[in-house]
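Novice: With the sequences and hints as input, model every part of the structure.
First to last, the protein sequences are chains A and B. Numbering of the first sequence is given in numbering that gives the first Met the number 0, commencing with residue 0 and proceeding in unit increments. Numbering of the second sequence is given in numbering that gives the first Met the number 0, commencing with residue 0 and proceeding in unit increments.
With the C-beta cut set under 7 Å, the calculated list includes, among others, these residues of chain A facing chain B: (1) Pro-45; (2) Ala-194; (3) Val-252; (4) Val-253.
Calculated directly from the structure, the hints in this document are not laboratory data. Because the structure is a prediction, the values reported are computed rather than measured. We treat Cβ as the ideally placed atom computed from N, Cα and C, and that holds for glycine.
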Amino acid sequence: MMRNWPIKRGDQMLPVFSLLFLLWLVSLPGVVDATEIVILQSSELPYYEQAVQGFKAAIPATTRVKEYNLNGQLARGREIGKSLRASPPDLILAVGLKAAIAAKFEIFDQPVVFCLVLNPDAHGLPASNMTGIEVRIPPEAQLTALRSVIPHRRRIGVLYDEEHSGTFIHDAHRAAKQQGLELVAVAIRGQDDIAQAVRRLLPTIDALWLIQDQTVISESAIPFYLDSTLDAKVPLFTFSSTLVRQGALGALVVDAWTVGQQAARIAQARLKEPNTATSSMQAPEQPQLAVNVSSAEYLGLPPSPETMRLAHQRFGGPGAIARKPGPSSDLIP
Amino acid sequence: MVKLLTLNRSPFSLTLRTKLVLCTAVVLVVACLLLGWLFIHQQVRSAAEGLRQSGTLLAQHLAHMGRFSVVAGDTQRLNYLIQEILAVDPVTYAAIISSGGDLQAGLGKGTWMEQFSVQPNGQRRFSLTNVTWPPRLHTDSDAPFISAVQLKDDRPILRHNIEFTLEELLSIASGFELPIVYDIIVRIPQRPFMTTRDPALGLTLDERVDEPHAGGIHHTIAPALVQVGLSTSHLQHVLRQLLWQATAITISIMAAGLLIALLWARRMTTPLRELTQAATRLAAGETVPPVVRRTGDEIGTLTGVFNAMALTLQAREHELRELTHTLEGRIEARTQELVAANAKLQELDRRKSFFVSAASHELRTPLTSMKVHLANVRDGIDGAVTDDQRCSLARVEANLSHLQGLIDELLDLSTIERGQASLRLEPVALGNVIAKAVEDLHPLASERRVRIVISLPSDLPAVSADPNKLHQIILNLLHNAIKFSPPRAPVDIEITSLRNHEIQISVRDVGPGLAPEEIEKVFQPFYRAAAAPKQAKGAGLGLTIAKLLVELHHSRLQVETTPGEGSCFYFALQPAVSKQELPLLQYAPIANTQRV
Numbered sequence: 000m001m002r003n004w005p006i007k008r009g010d011q012m013l014p015v016f017s018l019l020f021l022l023w024l025v026s027l028p029g030v031v032d033a034t035e036i037v038i039l040q041s042s043e044l045p046y047y048e049q050a051v052q053g054f055k056a057a058i059p060a061t062t063r064v065k066e067y068n069l070n071g072q073l074a075r076g077r078e079i080g081k082s083l084r085a086s087p088p089d090l091i092l093a094v095g096l097k098a099a100i101a102a103k104f105e106i107f108d109q110p111v112v113f114c115l116v117l118n119p120d121a122h123g124l125p126a127s128n129m130t131g132i133e134v135r136i137p138p139e140a141q142l143t144a145l146r147s148v149i150p151h152r153r154r155i156g157v158l159y160d161e162e163h164s165g166t167f168i169h170d171a172h173r174a175a176k177q178q179g180l181e182l183v184a185v186a187i188r189g190q191d192d193i194a195q196a197v198r199r200l201l202p203t204i205d206a207l208w209l210i211q212d213q214t215v216i217s218e219s220a221i222p223f224y225l226d227s228t229l230d231a232k233v234p235l236f237t238f239s240s241t242l243v244r245q246g247a248l249g250a251l252v253v254d255a256w257t258v259g260q261q262a263a264r265i266a267q268a269r270l271k272e273p274n275t276a277t278s279s280m281q282a283p284e285q286p287q288l289a290v291n292v293s294s295a296e297y298l299g300l301p302p303s304p305e306t307m308r309l310a311h312q313r314f315g316g317p318g319a320i321a322r323k324p325g326p327s328s329d330l331i332p
Numbered sequence: 000m001v002k003l004l005t006l007n008r009s010p011f012s013l014t015l016r017t018k019l020v021l022c023t024a025v026v027l028v029v030a031c032l033l034l035g036w037l038f039i040h041q042q043v044r045s046a047a048e049g050l051r052q053s054g055t056l057l058a059q060h061l062a063h064m065g066r067f068s069v070v071a072g073d074t075q076r077l078n079y080l081i082q083e084i085l086a087v088d089p090v091t092y093a094a095i096i097s098s099g100g101d102l103q104a105g106l107g108k109g110t111w112m113e114q115f116s117v118q119p120n121g122q123r124r125f126s127l128t129n130v131t132w133p134p135r136l137h138t139d140s141d142a143p144f145i146s147a148v149q150l151k152d153d154r155p156i157l158r159h160n161i162e163f164t165l166e167e168l169l170s171i172a173s174g175f176e177l178p179i180v181y182d183i184i185v186r187i188p189q190r191p192f193m194t195t196r197d198p199a200l201g202l203t204l205d206e207r208v209d210e211p212h213a214g215g216i217h218h219t220i221a222p223a224l225v226q227v228g229l230s231t232s233h234l235q236h237v238l239r240q241l242l243w244q245a246t247a248i249t250i251s252i253m254a255a256g257l258l259i260a261l262l263w264a265r266r267m268t269t270p271l272r273e274l275t276q277a278a279t280r281l282a283a284g285e286t287v288p289p290v291v292r293r294t295g296d297e298i299g300t301l302t303g304v305f306n307a308m309a310l311t312l313q314a315r316e317h318e319l320r321e322l323t324h325t326l327e328g329r330i331e332a333r334t335q336e337l338v339a340a341n342a343k344l345q346e347l348d349r350r351k352s353f354f355v356s357a358a359s360h361e362l363r364t365p366l367t368s369m370k371v372h373l374a375n376v377r378d379g380i381d382g383a384v385t386d387d388q389r390c391s392l393a394r395v396e397a398n399l400s401h402l403q404g405l406i407d408e409l410l411d412l413s414t415i416e417r418g419q420a421s422l423r424l425e426p427v428a429l430g431n432v433i434a435k436a437v438e439d440l441h442p443l444a445s446e447r448r449v450r451i452v453i454s455l456p457s458d459l460p461a462v463s464a465d466p467n468k469l470h471q472i473i474l475n476l477l478h479n480a481i482k483f484s485p486p487r488a489p490v491d492i493e494i495t496s497l498r499n500h501e502i503q504i505s506v507r508d509v510g511p512g513l514a515p516e517e518i519e520k521v522f523q524p525f526y527r528a529a530a531a532p533k534q535a536k537g538a539g540l541g542l543t544i545a546k547l548l549v550e551l552h553h554s555r556l557q558v559e560t561t562p563g564e565g566s567c568f569y570f571a572l573q574p575a576v577s578k579q580e581l582p583l584l585q586y587a588p589i590a591n592t593q594r595v
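Specialist: In C-alpha cells:
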C-alpha cells in the first residue's frame, strides 16, 4: 500500500548542507598551512628518535611531516634524496651524519637543517643550503661548567688529536685564559699514546678534561681514564653522562630532545625567511650539567649547593667510584 | 632311600645356603663397588670443580685488578698483582698474555718459573703459551677456558682429558703424585657502554661514514688474557685420603653385609635342613617326631604342613600294614584250598582217563566178537540170510564199525593223554603217507563228491616222523576237511618247504570256516563247530587226536580260518636224518607239559 507523506523543503536540503560542511572541514588545513617537512633519520638509534620527537613537538601541528629512515645505509639516503628532488618539500631535517651527507649530495635547492653530527667539518658540512647544530658544546661553556664543579682547580689537562680537535683546542686555550684557567693540552697521534700521555699528565694537573675526540675516546681507553684519574684522585670532567655514571666527576652534556627542538626553531626561521642564506653552525642550546656525587665525595670535592641546583643529572651509584682504599676492594666493579 | 636322595645331587650343585650367600655376596660386591665408584667419582669431580672454580675466581680477580694496568702497560703493577695471586697456595704460575700471545707479565713457582724464558729479542716468553694457545674462549661470554697440563721432562703437555682417569686415581691412591696443573684462562673484562641515550658519547664512539650499522652497545675485544695455573697436589692428597676411606668403608660394608647374609641364610636353611632330614627318615619308613616350628613365615607354614602330612602318612602306613597282614593269611588259606582242589581234579582226571581206557578195552573185545559173528551171519555161515536181513545186518555192521572207530579214537586219546603213546621216528616219504590217506578216504570223498587235490614239490625230502601217527594225522585232517566241505568242492593238501628247512603240511577246505572264538575250542574233545552241517557225523575227536599227535612230534597244529570261506590246518615237521640217530620218543603232550 502506498502512502504519500507530505514533503517539506527543509528536509530536502539537509543532506546537501551536511556534505558541503564536510568538504569545508577537509579543505581547511590546506588553506591554513600547506608546509611540508621531510625528516631523514640515519638509523633507529634512541637519541636520533629523541631528536625527531623533540623536533616534531616544536613545529606547528598543521605542518605535514614525512619521515624516512636510512637504516644506516647512505645509498638508501641518496635514493630518497633523488626522489625528494622530484617533489621537493619545504624543508628537510637530517638527523645523523649519513642523513646529512645524503642531503648534501642530493638536495641542492631546498633548505636543510641537520643535527647530531659530531664532526661536520670533516665531511664538508654544512653546504650552502644547510644549517646545522653542533654536537660539541663550545669550550667556553664546558670550561665554565667545569669551573662551577671544581672552582678551585686551575690546571686543566686535556688530550686531543690535532687533526680532529685542533681548532677546538685553540678556542679552548682562549676561553681558559679568559676564565683564569691553565689548559695543559697534550696532543696524541693514536690510541697507543694515551697511556703514556695520561701517566705523564696526571701528576701535573688539577683536573682532566675529556673532549669529544675520536682518537682520545675509545672503548678501551675510557676505563683507563676512569681508573687512572680515580687512582690519582684527579677529577675527570667529560661530555658524557655515561662516563659520569661510571665515575667521572662531572660533564656538560647535550640532550637529544632539546637539540630536536632547537632544530625545529631553526627550521621555522628558515621557512619564514627562505631567502636568508645562512650556512652557519649553531651551538647546542641548553646543555645539561651532570655530576657524580659519590666521585665528588671520594675526590674530596663536595659539590656546592649551587652546583647541585644547576645539575640536571646527579649520579651516586656504584660505578667505578665504588673503589675504596685498599687492594682487596678492587674486586667490586 | 636316603642314599638315593643323596646321590641324586649333582657334584656341581650348590646348597641353598651357599646360593643365598653367594647371591647376596655378588649383589653386595656389585652394589658396593658401584656406589663406591660413583661416590669417589662424584667427590673427585666436586673437588676438582671446586679447585677450578677457585682458580677461575683468582684469574678473574687478577684480570679485573690488572685491566687498567694492561692498558697502561704497567708491568710493575702487573707483577705485583701476580705475586699476590701466587701467594695463594695451589697457584703455580700466573701470566698475562696479550691478544697476540705475547707475554706481558708472568711469574711462577718452582719448576714452573723455569717455563718463563727471555727471548733473544729481549721479550719474555711463557712456554705453556705454545701448548694452550689460542684458547677457545667464547667471544660473547666471560666463561673461562680450562684445560689440564702435565709436566713431562720439565715440558708442559696438554692433556686430552681434564678429569683424572682410573689409572691415575689408582696411582694417586698408591702414593704417587702426578704433576698435573689446571690451566685457567680468562679474558680481561671490558664492560660495554650503554650509549643509546648518550648522543655525545655514542657519536664519538660510533660516528663513521663507512660504518653501516652504528649500535648502542659496544662489544670490546679482549686486549689480553690472564692465565693461571693451579697445582693439583693438594687435590691429589685429599683424593688419596678419600680413596682409602671409601675403600675401607666399602670393604666394611661388604664384610658386614656378608656376615648378615650368612646369618640370614643360616636362619632360613636350618629349618629346611631339619625338614629334609625328617622327610628322608619318613621316606625310609621310620617314625618321625614332629619337626619344631621355629618361624611364622612360609617355612614355618611348610613345617606345619609337613608335620600334618607325616602324621597322616604314618597312620595310613599302620593301616596298610594291618591290611597286608590280614591279606597274607587269607591268600595262604585260599592257596591251600586251590592246591587241594587241583589235586582232587588231577585225581579225577586220572581216574577218568583210566576209566575211559578200561572201558574202551572192555568194550573193544565184545565188539570185535560181535563183528565176527555178525560177519558170519551176513556171509551165511550160520545159515541162509534174506536180502532184508542182509540189509539190516549191513546197517548193524556199519554202526558197529562206527562204534569201534569211536572206541578206537577214545582209546587212542586216552593212551596219548596218559602218556602211554610211543613215537618211532624214521624218515618218512610224505607222498606215500598222503597217498595212502587219500586212498583210505576215497570212499568218503566219493560219497561226498569232494575232490582232493595234492600239491607236492618235486624235490620233497623225507620227514622225520612216526609213519603210522603221521598217517593218522593226515587222515584225520583230510577227513575233517571232506566232512565239512560242500559237494564238488576241492580239498587241498599241500606240502611246502619253509625257510628253516622244515616241511609244512597244510590241509585247506572251502567249508563254513570257524568263528574267531572257536579257533581254540576246535581242538577240544567232542567240540562241534556251530556252522558244522547237520549231516556231518563224528564224535569230535579227530582234530583233538591230530593235535596231540602233532604235538607228539614236537610241532604245533595251527589253523587259519575265515568264516564262510573255509579253513586251513597246517603243521610242520623236521626233515629226516639218518635212521640210527632217531630216538624213540615217548609222548608228552604239550598241553600237559604246560599244565605241569
